[in-house]
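With these hints in hand, go ahead and build the complete structure from the sequences.
Residue numbers (our numbering), protein chains in the order written: chain A, 2 to 533; chain B, 611 to 972; chain C, 5 to 311.
Everything labelled a hint here was simulated from the structure, so no lab data went into it. These figures come from a predicted structure and were not determined experimentally.
As a list, the in silico DSS-like pairs of lysine-lysine whose alpha-carbon atoms are at most 30 Å apart: (1) K24(A) - K959(B); (2) K618(B) - K959(B); (3) K319(A) - K277(A); (4) K618(B) - K401(A); (5) K618(B) - K219(A); (6) K277(A) - K501(A); (7) K959(B) - K219(A); (8) K219(A) - K401(A); (9) K936(B) - K122(C); (10) K305(C) - K618(B); (11) K24(A) - K219(A); (12) K401(A) - K24(A); (13) K305(C) - K959(B); (14) K833(B) - K305(C); (15) K401(A) - K830(B); (16) K618(B) - K24(A).
If you want the building blocks of each chain, they are given just below.
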Amino acid sequence: MAGNDGVPMLEVRHIVKSFGPLKANDNVSLSVGSGEIHSLLGENGAGKSTLVKMLYGSLQPDTGEILWRGKPVSITSPSMARQTGIGMVFQHFSLFDSLSVADNILLSLEESFATSDVAEKARQLSIDYGLPLNPHSIVGDLSVGERQRVEIVRCLLQNPDLIILDEPTSVLTPQEAENLFETLERLRSEGRSILYISHRLEEVKRMCDRATILRHGKVVGECDPAEETAESLASLMVGTNVNKANRRTAGEIGEPLLEITGANLPAGSPFAIALKNVNLTVRGGEVVGIAGVAGNGQSEFFRLVSGEDVIADAEAIKIRSSSSGSSGINDRRRLGAAFVPEERLGHGAIPDLSLSENLLLSRHGSDNAAFLRMGKLGLIRTDIMLDATARICENMDVRKTGEDPDASSLSGGNLQKFIMGRELDRQPSLLIVNQPTWGVDAGAAARIRQAMMDLAQAGSAVLVISQDLDEIFEISDRITVMHDGELSEPIPIEDATYEKIGLLMGGANPGHVLPEVEEHVPGDNASGGADK
Amino acid sequence: MIRVELVKRPQHSNFYMLMSPFIAFGLTLVFGALIFLALGKNPFTGLYFYFIDPLSQVWSLHELAIKAGPLIMIAAGLCVCYRSNNWNIGAEGQFIVGAIFGSMIPILMPGFQTVLTLPLMLIMAMVGGALYAGIPALLKARYNANEILTSLMLVYVAQLLLDWLVRGVWRDPQGFAFPGSVRFPPAATLPEMIPSQGDAHYGFLLALIAAVAVWFFLAKTLKGFEVSVLGLSPRAGKFAGFSASAMVFFSFMLSGALAGLAGISEVSGAIGQLREVISPGYGFAAIIVAFLGRLNPLGTIAAGLLLALTYLGGEAAQISLGISDKVVRVFQGMLLFFVLGCDTLVHYKIRIVSRSAEGSAT
Amino acid sequence: MMDMWQNIILTIATAATPLLIAALGELVVERSGVLNLGVEGMMIMGAVTGFAVALATGNPWLGMIGAVIVGSLFSLLFGFLVLSIATNQVATGLSLTLLGLGLSGMIGEEFVGEPGVKLSNIEIPGLVDIPLVGRLLFGQDPIFYISIALVFGVMWFLFRTRTGLTLRSVGDNHDSAHALGIPVLRYRYFAIMFGGACAGLAGAHLTLVYTPQWIENMTSGRGWIALALVVFASWRPLRLLAGAYLFGAVSIGQLHAQALGLGIPSQFLSSLPYLATIVVLVIISTNRRLTLMNTPACLGKPFVPAR
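Here is the structure:
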C-alpha cells in the first residue's frame, strides 16, 4: 500500500445500494491510501458510477459505512463531500455553457469563498498546474479538452485530499492524456490521493498503484495493475476472456460507394462546428475509421453524410455514384445507405416507443413496400413489423422482456445491438456509424464490431466515427481524423500509429510527424512530470 | 419534511394509461364536493345536479350532444397538435373565423339556397379555420415565433373581428340595432337529427366521424406515426426523414379546419345566425377535453361528453340550487389539473419519502 | 399642452406597470428553467384578491399584500405539479390559467358592480411639481415605485449575487447543477413563488390602481402579453422595462385614438396590442441565433433527479 501511516485516506466497508430489484453495489469494500492513485475498474454498468456518487454525496448507501482518515463519516451532499476534502471531476462534465469559466468555478465552491478573487485564483492555479485557462471565456465556446481543464481546476481550487476522476481520458487526445497524467503524478507527489475510474487498461497499468475491480456490483478482485497484463485485467473485468474481433483477410476492395468531395456545412447553432472542405472516399469491402476528440464536428459530419442536413451542392456527396448532397435521408437510404447515430435514446431510437415502432423509424422509407400498404394512405402493417423485430432481436442476440417492449426498457448494449441489427437487416451497401460502442458492455461491443467487419467482408462499405482509438485501430482499414471541422488525409492501417493519429487529433499539421514519439504501450516510464 | 420522489418505470403502464382520467375525475368529484360545502350547499345534491340530473331527460341529452359536438371536434384536432408538440391554444379563434367564413354564404349570398349551400358553408368554414391556424404555423415554421403566444393573441383578434362584423357591416338591418347577422335560411341550417325529440343537430354526428377518422389516421397510418415521432423527439424525427416544419403546418391547419367546422356547426346548427358571442369558451375547454381523453381522439368522445355535462350541470345547479354557473369553469380547471398530475403515473411510480429518513440535499 | 403630455405619460406608466411586474416575475421563473404559462391565471387571482381584501378591510394596502400572498400560493399548485410530479409545463401552465380565470369568476361574482378602494398616490411635496416628469417620478401610486425597484432589484439579484448566479445555472443546465449538489427543485420552487407573487401584485394593480372595480376576465390577456415581453426582452430586466413601456404606449395610444374618433372601428384599435405582440415576437424570434444564445437552455424541460 502506498499510504504512509497505515490509516487509509478513504475506506469503504460493505456498501450496498439497490435500485428496486437491481443491486448496483453489493457489499463493496475498498480503501485508498494517502498519495495513492487507486483505480476503479469495471465495465459499463458494473456499479462504478453508483459507488462514486455515494462517495460524492449524490446518493446514500443502503447499508455499509464510509471511513475518512479512519473515522466513520456520513456524506449527505456534494457540498459535504467537498468540505470533507473529496473533489470530483465528472465524466459528463457538470458545466454551464452560458456562464463564464470563473462563474462555473464559483458555483462549486463553498459560500465562504470570496467571490471577487475566484477569477484570479483560478488563473494562477491553472498556470501552476500547466492547465492554462482564461477565466472570462464562456464555457460553451471551449473545446472538450479545455472544458476538462475547467473541471479539474474547479476541483483543485477546493484543495481536496482525494480527487475522483471519472473516465477522464475518454475525451482527450493521447497527447492531452499525457498532460493529464503529469498533472496527476504531481498531485500524488503532493500527498493527495486519486480514485481513477477507467476502462482503459493500458493507462491504468501505467498510472495506478492499485486497482479494485467491480463486476455486476461486486468486488471481484484487487491487484497491483503493474503486475498484470491488459488481458488479465480485461478478463477480471468482463469475467470471460474477450476476443478481439477477427481481423478478416484482406478482401477485395471494390467500387467507391461513398464519395465526398469538397463538402461544406456552415455551423447551425452558436456552439456548433462548421465543416470545411471535407473529402473522403469509401469503397466496397473496406472499413474506414474517423478518429477525433468529441466536439470537433463528428455529429455535424454525420448529419451531412446522412442527409439530416442537406446542402445545395448535390455533387459534393455521391452514394453509389448518385449525386446525393441535396437529397434527404430517405433518398439516401433508398440508394442502399444505412445510418446509426451516436445517441441511442432520442436520436437513433425513441425511448417511449416500442421496438417495432422504432424499426419503422428508420425503415419506413426504404422498406415501404414491406411495412406499409395502400400506397399514399400508408397503412402500417403491424404483423410484418413484429416479425422483422423478432428476426433482428434473434440475429443480434438482443435481450429484452416481453415481445415488443419500449426501447427505454432495454440496456444500452442491447438497444445498440437492436439499432445496429435494424440497419444490418437491410444488408446495406453503405453503413455509416457514429460511436458504435459508446457506453456499451464488452460483450455487446465485440458483437457490434464483428458485425461491421462482416458487413465489409461481404462487400459493403463501412464508415465508423469513433472517439475510441482502440476501436478504430481494431476494425479500420484506413484511418482519418476529424479536427475542428476538417478531415485529414486517410492513413492505411499499416502506416498508422497512435502517435500519428493522436497528433492529428490535436490538430497538428498532417504533413509532419514528430520524431521523439514513445512506444504507445508504455510500461512504467512515468514521464517525470511530478518534479517539473 | 415530506418529499415526492419519482421512480421511472422501465415500461409505461397500460393500467394507468387507461385509469388516469378516471382517477382525475374521482379527485375532481372529491374537491367539487368540498367547493359545494364551502358554498354552504349539500355536496351530494350539488354533484347530483351537476352530473346526473342532466342525463335523466331526453331533451337534456340533446343539449348534451349540442355542447359535446364542438368540444369533441376541436379536441380531436388538438390531439394531432399536442401529440406532435405543436401548442395550438388558439382554437377558440379558429372556431370563430371558421364560423365567419362559413357564414359568408348565407349572409353575403342570401339568394343562394340549394342543396350545395350547406356543404359549401362547411367547406368554407374548414378553409377559414385552417387559414387562420396557418398564421401561427407560418410564424413558427418560418420565423421561429412562439406558437402558444401567437395563436392565443389571434383569439382576441378574432373575437374583435367578429364583434366588428356583427355590429357593423354584417348586422341585420331589420335587427333593431341589436348586434347579429340575418337569421340563416333553412338551406343554410344544419338540420336536427331527431326533430321530434330535441334540438341536437348533425354537428354531433360530424364530431363523432371526425374523432374516429382522426383516431384511425393517428393509430394506423404512417403520417400518424410521423405525428408521434416528431412530438416525442424532433431529432429522431429528422433521422426518420420527417420534416418538423411541415408538421407544424399540417397539425395546425388540420386542427384549425376542425375548429372551423365546429364553429360553423354551432352557428348554423345551434344558434341560427352570427352573433357577437358564439362560444362559451369551447376552444379552451377543448384543450381540457384533449388531455382528459389522453390525446386519443376516441378518448375525446368520452371526455367531450363529460365536459359538456359540466356545462349543463352548471345550468341545472344554478336553477335548482342557486349555485353560480361560474363554478363550472372551476370544475373544468380542476379536471385538467388532476388529469395532468395523474398522467405522471403512466411513466413514473410516485413515492412519498420523509426527508429525515434519507437526508439528501435535493 | 404640457399637462396633456404629462397625463399621457402617466397613463402609459399605469398601463405598463402591471405588464412590467408580471413579466419580471416570469423572467425570474424562466431564468430558473421553468416556463409558467399560468401568468394570466395568477394575475387575475391577484386582482380579485386585492379587490376583495381591500373591500372587506377598507385598506388597499392589505389588499395588495393579500394579492401577493394569494398569487404565490396559487403558483405553488403549478410548482407542485411541474416540479414534484414532473408534468408537462405548457399544459400545466395553461390549466393554471384556466383554473385562475374560473376561480376568480366564482369568487368575484358578488363584487360585480361594487365600487372598489383605490390605492392613493404617494406624492413627494415640491418635486412633484417639476414640469413634465414631476408627477411621473414623484407623484405615482406605490405599485409603480415597487415596479421600478423590482427591475433593479431583479437585475442586482440575478447578476450580482451568488444566489442569482446559482439560479441562472439551474436554468442553464439542471443536470450539472444537480451533480454539484445544487438543490435544483428548491431553487425552482422559490422562483415560481416569486413569479406568482409578482403576478399577484400585477393583478392587484389592476383592481387597486388601474380600474378600482371588479370585472370578470379583466386581465384580458395581459398575462400573455407579459409572457411575450419576456421573450422580447431576451430575459433581461432593463429591456423588459423598455418593452413594458412600449406596450403601455401602444395600448394607451389606441385608447386615445378611439377617443378622438378617427373613423377607424374601435375593434381594430383594440386589437392593436395583440397584433403588436405578434409582430414583436416575430421580429425578435427571427434571429434564431440570438434567441438560442439567450434562452435559458433548460427552459420548459422537466427535471427528475437521476438516482
